[in-house]
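Number of protein chains: 2
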Amino acid sequence: MFLSELIPMKDALDILDKNQIIMETEIIDLKNSYLRVLSEEVYSFHDSPPFDKSAMDGYAVIASDTFGASPNAIKKLNIIDQIGAGDFSNKIINSGEAIRIATGAPIPDGADAVLMEEYTITNSKGSSDEYIEIHSQVTPGENVSFQGEDIKSGDLVVKDSTIIRPQEMGIIASAGISNIEVYKIPKVKLIITGNELINPTKKLEKAQIINSNQYVISSMIKSCGVHVDVVSAKDIFEEVKKTLLDSSKDYDLIITTGGTAISKGDVVVDAVDSIGDVLFHGVALRPGKPVGFGIIANTPVFMLSGYPVAAMGQFDALVRNFLFKMQNIEFNPRKEKRRADVKIYSNLGRTDFIRSYADDDKVKAVLSRGSGILRSMIEANSYIIVDENQEGISKDEIVDVVFFESMNWNK
Amino acid sequence: MFLSELIPMKDALDILDKNQIIMETEIIDLKNSYLRVLSEEVYSFHDSPPFDKSAMDGYAVIASDTFGASPNAIKKLNIIDQIGAGDFSNKIINSGEAIRIATGAPIPDGADAVLMEEYTITNSKGSSDEYIEIHSQVTPGENVSFQGEDIKSGDLVVKDSTIIRPQEMGIIASAGISNIEVYKIPKVKLIITGNELINPTKKLEKAQIINSNQYVISSMIKSCGVHVDVVSAKDIFEEVKKTLLDSSKDYDLIITTGGTAISKGDVVVDAVDSIGDVLFHGVALRPGKPVGFGIIANTPVFMLSGYPVAAMGQFDALVRNFLFKMQNIEFNPRKEKRRADVKIYSNLGRTDFIRSYADDDKVKAVLSRGSGILRSMIEANSYIIVDENQEGISKDEIVDVVFFESMNWNK
Chain A
1 MFLSELIPMK DALDILDKNQ IIMETEIIDL KNSYLRVLSE EVYSFHDSPP
51 FDKSAMDGYA VIASDTFGAS PNAIKKLNII DQIGAGDFSN KIINSGEAIR
101 IATGAPIPDG ADAVLMEEYT ITNSKGSSDE YIEIHSQVTP GENVSFQGED
151 IKSGDLVVKD STIIRPQEMG IIASAGISNI EVYKIPKVKL IITGNELINP
201 TKKLEKAQII NSNQYVISSM IKSCGVHVDV VSAKDIFEEV KKTLLDSSKD
251 YDLIITTGGT AISKGDVVVD AVDSIGDVLF HGVALRPGKP VGFGIIANTP
301 VFMLSGYPVA AMGQFDALVR NFLFKMQNIE FNPRKEKRRA DVKIYSNLGR
351 TDFIRSYADD DKVKAVLSRG SGILRSMIEA NSYIIVDENQ EGISKDEIVD
401 VVFFESMNWN K
Chain B
1 MFLSELIPMK DALDILDKNQ IIMETEIIDL KNSYLRVLSE EVYSFHDSPP
51 FDKSAMDGYA VIASDTFGAS PNAIKKLNII DQIGAGDFSN KIINSGEAIR
101 IATGAPIPDG ADAVLMEEYT ITNSKGSSDE YIEIHSQVTP GENVSFQGED
151 IKSGDLVVKD STIIRPQEMG IIASAGISNI EVYKIPKVKL IITGNELINP
201 TKKLEKAQII NSNQYVISSM IKSCGVHVDV VSAKDIFEEV KKTLLDSSKD
251 YDLIITTGGT AISKGDVVVD AVDSIGDVLF HGVALRPGKP VGFGIIANTP
301 VFMLSGYPVA AMGQFDALVR NFLFKMQNIE FNPRKEKRRA DVKIYSNLGR
351 TDFIRSYADD DKVKAVLSRG SGILRSMIEA NSYIIVDENQ EGISKDEIVD
401 VVFFESMNWN K
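Respectively, the protein sequence lines represent chains A and B.
Letter by letter, the first sequence follows residues 1 to 411 of UniProt numbering.
Letter by letter, the second sequence follows residues 1 to 411 of UniProt numbering.
No incorrect hints appear here.
Copies of the same chain look alike in the list, so a pair counts if it works inside one copy or between any two.
Taking lysine-lysine and the PhoX-like style, the derived pairs with C-alpha atoms no more than 25 Å apart in a straight line are:
{"#": "1", "residue 1": "Lys222", "residue 2": "Lys31"}
{"#": "2", "residue 1": "Lys187", "residue 2": "Lys31"}
{"#": "3", "residue 1": "Lys234", "residue 2": "Lys289"}
{"#": "4", "residue 1": "Lys184", "residue 2": "Lys222"}
{"#": "5", "residue 1": "Lys337", "residue 2": "Lys362"}
{"#": "6", "residue 1": "Lys335", "residue 2": "Lys362"}
{"#": "7", "residue 1": "Lys202", "residue 2": "Lys159"}
{"#": "8", "residue 1": "Lys325", "residue 2": "Lys10"}
{"#": "9", "residue 1": "Lys222", "residue 2": "Lys187"}
{"#": "10", "residue 1": "Lys234", "residue 2": "Lys187"}
{"#": "11", "residue 1": "Lys364", "residue 2": "Lys337"}
{"#": "12", "residue 1": "Lys343", "residue 2": "Lys362"}
{"#": "13", "residue 1": "Lys206", "residue 2": "Lys91"}
{"#": "14", "residue 1": "Lys249", "residue 2": "Lys325"}
{"#": "15", "residue 1": "Lys364", "residue 2": "Lys159"}
{"#": "16", "residue 1": "Lys152", "residue 2": "Lys203"}
{"#": "17", "residue 1": "Lys364", "residue 2": "Lys335"}
{"#": "18", "residue 1": "Lys343", "residue 2": "Lys289"}
{"#": "19", "residue 1": "Lys202", "residue 2": "Lys152"}
{"#": "20", "residue 1": "Lys206", "residue 2": "Lys152"}
{"#": "21", "residue 1": "Lys31", "residue 2": "Lys203"}
{"#": "22", "residue 1": "Lys31", "residue 2": "Lys234"}
{"#": "23", "residue 1": "Lys249", "residue 2": "Lys187"}
{"#": "24", "residue 1": "Lys159", "residue 2": "Lys203"}
{"#": "25", "residue 1": "Lys364", "residue 2": "Lys289"}
These are calculated hints, taken from the structure and not from any lab test.
Pulled out of the complex, with its shape left as it was, chain A reads as follows (with noise of 0.2 Å):
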């Protein structure tokens, strides 16, 4: 089984489409749910705020008491209670009379508003003071947050299939809830082929490569906000079969790298159609063209390039993709519109992912010779995807821009 016919990264697509899988769901604490998908819609047990409360540090007031006080007409209100944070007050205000509040604290009864602290010219910390001195006026409801204004009981307030940013963490605790549930972190197995990788060193001998994909795609791995195990394989048949079989077994997907061009070392597709099925051999894009697919054992596998540039545009291209919607949520990196700075070339009927530099009103492509050049991708802070359909594109020519920080989880 080897690469022969390019299919369209469309069909490419759809074969991963057809053979997505799903992670299963688990119960966690909410403190460790930062950046998890909630698998449930979470409804509220409560009004937020459960009372009315104060929104400043003032006086709870009846709001018409204060009607008509000016710096030039200064009112006067007994203090009758106070409340701090956590407290509240059995006493009721009536005309005439304030209790010191502070901000959260429940609004007592008689009271309709919250005068702020530094509308008041005693202007003190201490409890003993009788009276207040108001130079401002307040109308009805001003500083209270009333019971519910922000969710009542019963509302949904986060849908299923959110990724959990602090502000939903936040509103899950309020609606009551420690405890939801979430998709599985998929676990992946990266396997790094290839006879002439040897960890970074000073000294290399002939035809030796360092291993950069270790770093490289097991990063991108996690950036996709995944747990990844890597081992390393000689080509050898037999040791990548036993690799990829133990794999197919404790993990969720499987990813290689090396061993899928047409030489007498690349066993990494043979190996994967011996044991499974091989989906796709060879997608019409660039960089990247001699990219797998299959699957053992109900266990996906990527079968990626050795060379760490077509490995990341793979990566790019349809592994991001399939990785996000394991945890059931949609891949969607941010594209802008800038104008290009040169005209760029590219083949019909084949994806073109450009490494381009944007800044804010133009981009420009990255120029590099080969795949195996990582320092463009250190200088890129973009793709331009050249669609199959389209003839490179022309100088000044508006195009999509697709920004790399865009395309890891947690953005």
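The hints should help you fit chain B onto chain A, whose structure is shown.
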């Protein structure tokens, strides 16, 4: 010590700048460096590629041997050897000869180009072929990645103070380096104060508020690439003081929530003042006016509001910048121009962080009363920041919008 006069936001930022701390550095394995910040310049020990190598699967040839080849003028070359990835050949190619070569393998002596597999007629995988028929020509250097064309030995490959993405990991590995110097990850202690706070529950007593800050603020801290431990404390002066003092010994930074306003139960600012210095308390900022900053035994302390949305505003306005700079990274969230969909009110002399929802074209304020409105943070995807010198925004005015997602570390 309590909030008396509000200082402008820029003065608060100046004070923070003068008291900015920067983390010490440590040496770590490149494997663990994703999203860490480099604290050294990285130079390459190697040319990359380290030798002239094939960029394609195909045949190493002498380009001039292929000149004139076409589907109507097929030429024949003798295969004298084959080179897999990680191998090399000791044979020298003469005119009329070719060596089968895998992507990434070293170009054999005598050859100056690689003819892609698909331009040959003998499209087999076997090693038994004695010749190939070619129907396409190549130019000298075609499909060859030349030694050092990506990186030259001694080149600076990654600059100091770079957040390490997958591509930086790749280029550092290729440079021959497996251990790098990075800024230590800041350790933050989050102290949640408030007698009224309880953990999420279905049953609330009067005046109780669910402690959502333990979730919201702790995950915001995580979103800055920082480690956080959370503890709760009652609004008791001695308890808060002891917690602050203990934390100042073991943590790089302290963040408190609650106890920053002026009421009998608000003890945090007084506690910081008693064992350290309060450098400001009260910033002309909305939401989030009652925010403080101090230092206890060289450990900076941010004092945030108890109200989640006020605390979130304070965090975004003041704390993120400080946490980023602790790892020597500028906090530069993405700003984009949008057309304001409605008139927005703001006071002169106050910096307003207006929660907003921006689409591709326009932005509208997500309206809410009070600062306790978490729901507005869920509906919003961005801030409109109204500078202290601006008196609101007119309908259809073009404004800068800052997207939440771009305020995170992993962007």
